[in-house]
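Chemist: Knowing the structure of chain A, use the given hints to seat chains B, C and D with the ligands on it.
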Amino acid sequence: MINVSNICYTYPDSHEAIREVSFSVQQGECIGIIGANGAGKSTLLKLLVGLYMPQSGHIVIDNMHMSKQTLRHIRRIVGFTFQQADDQLFMPTVYDDVAFALRNKGMNENEVEQRVINALTLVGAIHVKDRPPYRLSEGEKRLVTLATVLAMEPKILLMDEPTAALDPRARRTLIHLVQSLSHTKIITTHDLDFVLECCERTIVLANGTIAYDGPTETVLTNEPFLHEHHLELPLMLQGKK
Amino acid sequence: MINVSNICYTYPDSHEAIREVSFSVQQGECIGIIGANGAGKSTLLKLLVGLYMPQSGHIVIDNMHMSKQTLRHIRRIVGFTFQQADDQLFMPTVYDDVAFALRNKGMNENEVEQRVINALTLVGAIHVKDRPPYRLSEGEKRLVTLATVLAMEPKILLMDEPTAALDPRARRTLIHLVQSLSHTKIITTHDLDFVLECCERTIVLANGTIAYDGPTETVLTNEPFLHEHHLELPLMLQGKK
Amino acid sequence: MIDVHVSNMKERRHDVHPLSMLIITFTYIFVVASFHTYAFIELVPLSVYPITMIVFYRLSIRHIKRVLLASLPFITVIGASQLFFIHEHVSFFHWRIEAGWLVFATLLVKNTLAVLAATVLFLTTPIEQLAGALLSLRIPRLLVIQLLLTHRYIFLLLEEAKRLRQAYMLRASQHRAIQLSVWGSLVGHLLLRTFERAERVYEAMTLRGFSIQRMHIKIERWTTKERIYTYVTVILFIVYRLVVI
Amino acid sequence: MHMADALISPAVGIAMWGATAGVASYSLKKINMEADEKKLPLMGVLGAFVFAAQMINFAIPGTGSSGHLGGGLLLAALLGPYAAFLTLAVVLFIQALFFADGGLLAFGCNVFNLGFYTCFIAYPLYRRLIRRTNIWFASIIAAVVGLQLGAFSVVVQTLLSEKVELPFTTFALFMQPIHLAIGIVEGIATAAVISFVMKAKPELSTTTNTPTNRLIGTLGLLALLIGGIFSSIASSKPDGLEWSIFRTAGTEELHATTTLHTTLERLQQSLALLPDYNLKNGGASIGWLDIGTSVSGIVGVFIVTIALFVPYMMKKWRKET
Ligand SMILES: Nc1ncnc2c1ncn2[C@@H]1O[C@H](COP(=O)(O)OP(=O)(O)OP(=O)(O)O)[C@@H](O)[C@H]1O
Ligand SMILES: Nc1ncnc2c1ncn2[C@@H]1O[C@H](COP(=O)(O)OP(=O)(O)OP(=O)(O)O)[C@@H](O)[C@H]1O
Ligand SMILES: [Mg+2]
Ligand SMILES: [Mg+2]
Numbered sequence: 001m002i003n004v005s006n007i008c009y010t011y012p013d014s015h016e017a018i019r020e021v022s023f024s025v026q027q028g029e030c031i032g033i034i035g036a037n038g039a040g041k042s043t044l045l046k047l048l049v050g051l052y053m054p055q056s057g058h059i060v061i062d063n064m065h066m067s068k069q070t071l072r073h074i075r076r077i078v079g080f081t082f083q084q085a086d087d088q089l090f091m092p093t094v095y096d097d098v099a100f101a102l103r104n105k106g107m108n109e110n111e112v113e114q115r116v117i118n119a120l121t122l123v124g125a126i127h128v129k130d131r132p133p134y135r136l137s138e139g140e141k142r143l144v145t146l147a148t149v150l151a152m153e154p155k156i157l158l159m160d161e162p163t164a165a166l167d168p169r170a171r172r173t174l175i176h177l178v179q180s181l182s183h184t185k186i187i188t189t190h191d192l193d194f195v196l197e198c199c200e201r202t203i204v205l206a207n208g209t210i211a212y213d214g215p216t217e218t219v220l221t222n223e224p225f226l227h228e229h230h231l232e233l234p235l236m237l238q239g240k241k
Numbered sequence: 001m002i003n004v005s006n007i008c009y010t011y012p013d014s015h016e017a018i019r020e021v022s023f024s025v026q027q028g029e030c031i032g033i034i035g036a037n038g039a040g041k042s043t044l045l046k047l048l049v050g051l052y053m054p055q056s057g058h059i060v061i062d063n064m065h066m067s068k069q070t071l072r073h074i075r076r077i078v079g080f081t082f083q084q085a086d087d088q089l090f091m092p093t094v095y096d097d098v099a100f101a102l103r104n105k106g107m108n109e110n111e112v113e114q115r116v117i118n119a120l121t122l123v124g125a126i127h128v129k130d131r132p133p134y135r136l137s138e139g140e141k142r143l144v145t146l147a148t149v150l151a152m153e154p155k156i157l158l159m160d161e162p163t164a165a166l167d168p169r170a171r172r173t174l175i176h177l178v179q180s181l182s183h184t185k186i187i188t189t190h191d192l193d194f195v196l197e198c199c200e201r202t203i204v205l206a207n208g209t210i211a212y213d214g215p216t217e218t219v220l221t222n223e224p225f226l227h228e229h230h231l232e233l234p235l236m237l238q239g240k241k
Numbered sequence: 001m002i003d004v005h006v007s008n009m010k011e012r013r014h015d016v017h018p019l020s021m022l023i024i025t026f027t028y029i030f031v032v033a034s035f036h037t038y039a040f041i042e043l044v045p046l047s048v049y050p051i052t053m054i055v056f057y058r059l060s061i062r063h064i065k066r067v068l069l070a071s072l073p074f075i076t077v078i079g080a081s082q083l084f085f086i087h088e089h090v091s092f093f094h095w096r097i098e099a100g101w102l103v104f105a106t107l108l109v110k111n112t113l114a115v116l117a118a119t120v121l122f123l124t125t126p127i128e129q130l131a132g133a134l135l136s137l138r139i140p141r142l143l144v145i146q147l148l149l150t151h152r153y154i155f156l157l158l159e160e161a162k163r164l165r166q167a168y169m170l171r172a173s174q175h176r177a178i179q180l181s182v183w184g185s186l187v188g189h190l191l192l193r194t195f196e197r198a199e200r201v202y203e204a205m206t207l208r209g210f211s212i213q214r215m216h217i218k219i220e221r222w223t224t225k226e227r228i229y230t231y232v233t234v235i236l237f238i239v240y241r242l243v244v245i
Numbered sequence: 001m002h003m004a005d006a007l008i009s010p011a012v013g014i015a016m017w018g019a020t021a022g023v024a025s026y027s028l029k030k031i032n033m034e035a036d037e038k039k040l041p042l043m044g045v046l047g048a049f050v051f052a053a054q055m056i057n058f059a060i061p062g063t064g065s066s067g068h069l070g071g072g073l074l075l076a077a078l079l080g081p082y083a084a085f086l087t088l089a090v091v092l093f094i095q096a097l098f099f100a101d102g103g104l105l106a107f108g109c110n111v112f113n114l115g116f117y118t119c120f121i122a123y124p125l126y127r128r129l130i131r132r133t134n135i136w137f138a139s140i141i142a143a144v145v146g147l148q149l150g151a152f153s154v155v156v157q158t159l160l161s162e163k164v165e166l167p168f169t170t171f172a173l174f175m176q177p178i179h180l181a182i183g184i185v186e187g188i189a190t191a192a193v194i195s196f197v198m199k200a201k202p203e204l205s206t207t208t209n210t211p212t213n214r215l216i217g218t219l220g221l222l223a224l225l226i227g228g229i230f231s232s233i234a235s236s237k238p239d240g241l242e243w244s245i246f247r248t249a250g251t252e253e254l255h256a257t258t259t260l261h262t263t264l265e266r267l268q269q270s271l272a273l274l275p276d277y278n279l280k281n282g283g284a285s286i287g288w289l290d291i292g293t294s295v296s297g298i299v300g301v302f303i304v305t306i307a308l309f310v311p312y313m314m315k316k317w318r319k320e321t
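Residue numbers (UniProt numbering), protein chains in the order written: chain A, 1 to 241; chain B, 1 to 241; chain C, 1 to 245; chain D, 1 to 321.
Isolated chain A, as found in the complex:
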């Protein structure tokens, strides 16, 4: 489904953020990407939707080699939420915002309405439907951004820190949601408990390279390794001790 080989990315100010990263993802997998602040998690996700273009290496998504030409096709099947929720919401009301992509596809208004209501209910943000997005609290904004991508029904879901700013119940809802969706999912987060509950496979990034790629259980119980990479045991496991 996704195949990344040897990509490197250096920011225009010559800050090297991603070095020689390779991995591949099967259809339906749910992968957690974790690592220290500044490890390159957000940069990696942005590379996967073509917001940045790698200086070297290849990305293949759904059998399409990523390039300027295929970008449009790729973006049609990939749903992406930014780490900053603010930047994604630009329509006058929450409803319009969620409906935006659907209307662009030329869907009829009935179907749009159904999908929008559906997505907003799913994430638990139906009560802010008619409010303007810039007036919401941070957590409410986050929920709406999740709804905007879910409504598009993409094949692949990429989420950058989806649990940040969510209250515990909304976080729980999201966990159930992620568990129930059959999409291919890649999620970056600092919430290791979330990774423990949702992802079978985990990638640990350190300084722009992959330090670990394998089963979640193995890495999230390996305390010395975690400490080395600015991580800790998930809180739930800390409690057990």
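Everything labelled a hint here was simulated from the structure, so no lab data went into it. There are no misleading hints in this set.
Here chain B is said to cover these stretches of chain C; the calculated rule only asks that three of the stretch's residues, wherever they fall, bring their Cβ under 8 Å from a Cβ of chain B:
(1) 118-131
(2) 154-162
Here's a subset of chain C near chain B, in silico, CB distances under 10 Å, partners left out:
(3) His-151
(4) Phe-210
(5) Ser-211
(6) Lys-218
Residues of chain A placed beyond 12 Å of chain B at every Cβ, according to the derived structure:
(7) Met-1
(8) Gln-27
(9) His-65
(10) Gly-106
Keep in mind it's a predicted model, so treat the numbers as computed, not measured. No residue lacks a Cβ here, since even glycine has one placed at the ideal position from N, Cα and C.
Modeler: Showing chains B, C and D with the ligands alone in chain A's frame:
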């Protein structure tokens, strides 16, 4: 130290965010404010530094009644970090940003340097000292905002979601820091484990009013009450079960 | 294009006093502009100044190239028009050439020199130092502070605008440019957020003890050495202008 | 429509710096920022906003091309004309310095062309129109008027500078229609943003300090002045190229120079390192003399204009507010 009585705040679009909130805080206390998304936590903190003025009720800080006149004095003793880290960083380099307040006080450059280095080391962000803040990762930005207020050595620390976007090690550093500082502290967060470790007293907000105000232990173990307010048991306690 | 410009900032050196740089640059551009329409040959030796600076301070060629290229279209159109409006011939050393071409070439050289000089100023002088220099030239404090704030926020808002545009494109991949109706709301959002941000920034600044009078802007001392350097350079330019007509 | 350093003579550049400095210092006094310190970050951030918003292109309906916001009129509508003028000046300074867009010598011209007409003529017009018609119409008309004046001003400054040979009519016929199109786009864009903001946050678009209605009167005045200056020059000089050849061909007035000039001329001839260019049909040298006369002529015209015009405007404003 802080005395809030019967404050109400309604946003200009007539959205009522805070209703009849009263509480008081003793010198040196550390208080956690928790509650659902949109409960009014951020709004309450902003009221405490006078970013908004309550439509009714009084706020007294360090024996000063808050008003346009006393605002300057009050702000000199209060350090505040926003939920959005971006807004607080406005100088060309991280160093200058942390030094900003100190230079405004007319401190000499040697002392400024010492304090800046000190604060950045304390939060673990000394490695980004010379970089421009708008190019940092979210977590790095968060650390820098914490350093900017710590460098000022305020009497009262108000922090809005300080752990959001931090990696587990940085979060741990912050916990130790908060435990070791003798300031009066008010912290809003969704990270209940953080509250459990740092705050003796907790306030639960629901729909703009106070639903609970008392010892942390009592409320964070009361599962039915937590569920009612979109909260959960702290993850560490969940693990114990 | 703009992120690339930003990338050069850390390469800047600052061992020339900003005030000297400011005065020298202005004199230079003044002298360049004062040459007449056919002064192709006379202008060429003036390139010594920017070239020396670029080589000496190892300024970013990539940045300079971009800026120069960006300035070309307009000047080329105007320059090319001269071919239609001037039909005379001039003697150029021993050749007779069409005057239009000479005017065109002169325009290009002038433009290059002026752009180079401004870019050299930008690349050698960080904005904070420039602010100090402007203050010592008695530019009102308010404007200088505003310059600093605007400069700071340009990059932040550019990032934000970029992300907004990206978010739009991610959800409307079939569009090339943004539909007007949505554009209003999209830019409107950016504007509202900008307003709120302005408020928060101001608050964040006052929370940290800001006031217009007290805002710290460092004015470096203009040493005698710097003065002499500046005067000598300026006089050289002017003498050149007076001697070479 | 940024003026470039290469197109401008030092005299015109400096005169326009002077005009800009005058308007700026008046604006500074007018907004009295000490009293309203909050305005400072607002101006800074909005200046940055104008920059950022230019990155976001929109599709122009029915044409297949795209445009972006210029921002002058929007700034005036949000900040009031005085603060908007200063904000624009700072933005243009940053553009001139960082992106070498416009020029440092041409900075005064650019602020005047893009800022003055928009803030002090187009904006009052906008205020007035908006009361009678709708926002789209008002901002399109205002933007068009502002840009037409600005474009005309570019034409005049370029011709006065005498750095290129452009027949007035050709140049004007080239500049004005282009800026008509740009003006319409700018007007539409401004209206689109303002109407969103009015719906979303009505309190914003009404908080600005308004200058007088009567400023509209200055529109006529200004048109007259510009027309006057230009026509007085143009009348003594038939048209573009002919006029210039006529001059360089050597008329009496060219040689009726002061002793200073003659000495300088001699000095110049003895010191000249490089060959003089000779116009084939004339033979008179162009160079110092040419510049000498144009400098004195143009500086004179501008000083008189500014000395008369700026205080007059200021007095009017003061009376009204
Ligand atoms: N626009 C930018 N320009 C230059 N460097 C950048 C930019 N954005 C991020 N960086 C740098 O690239 C590195 C990786 O950043 P990235 O945002 O991918 O980190 P991250 O792993 O997502 O961190 P976090 O957990 O804090 O969100 C960091 O060192 C950061 O400082
Ligand atoms: N600028 C605003 N204008 C109008 N309403 C607002 C504004 N900001 C917040 N609100 C509303 O006020 C309520 C309280 O918001 P606040 O930001 O204080 O919530 P919060 O408790 O901090 O939530 P979160 O945990 O998501 O950060 C919410 O319902 C929100 O939608
Ligand atoms: Mg990140
Ligand atoms: Mg909040």
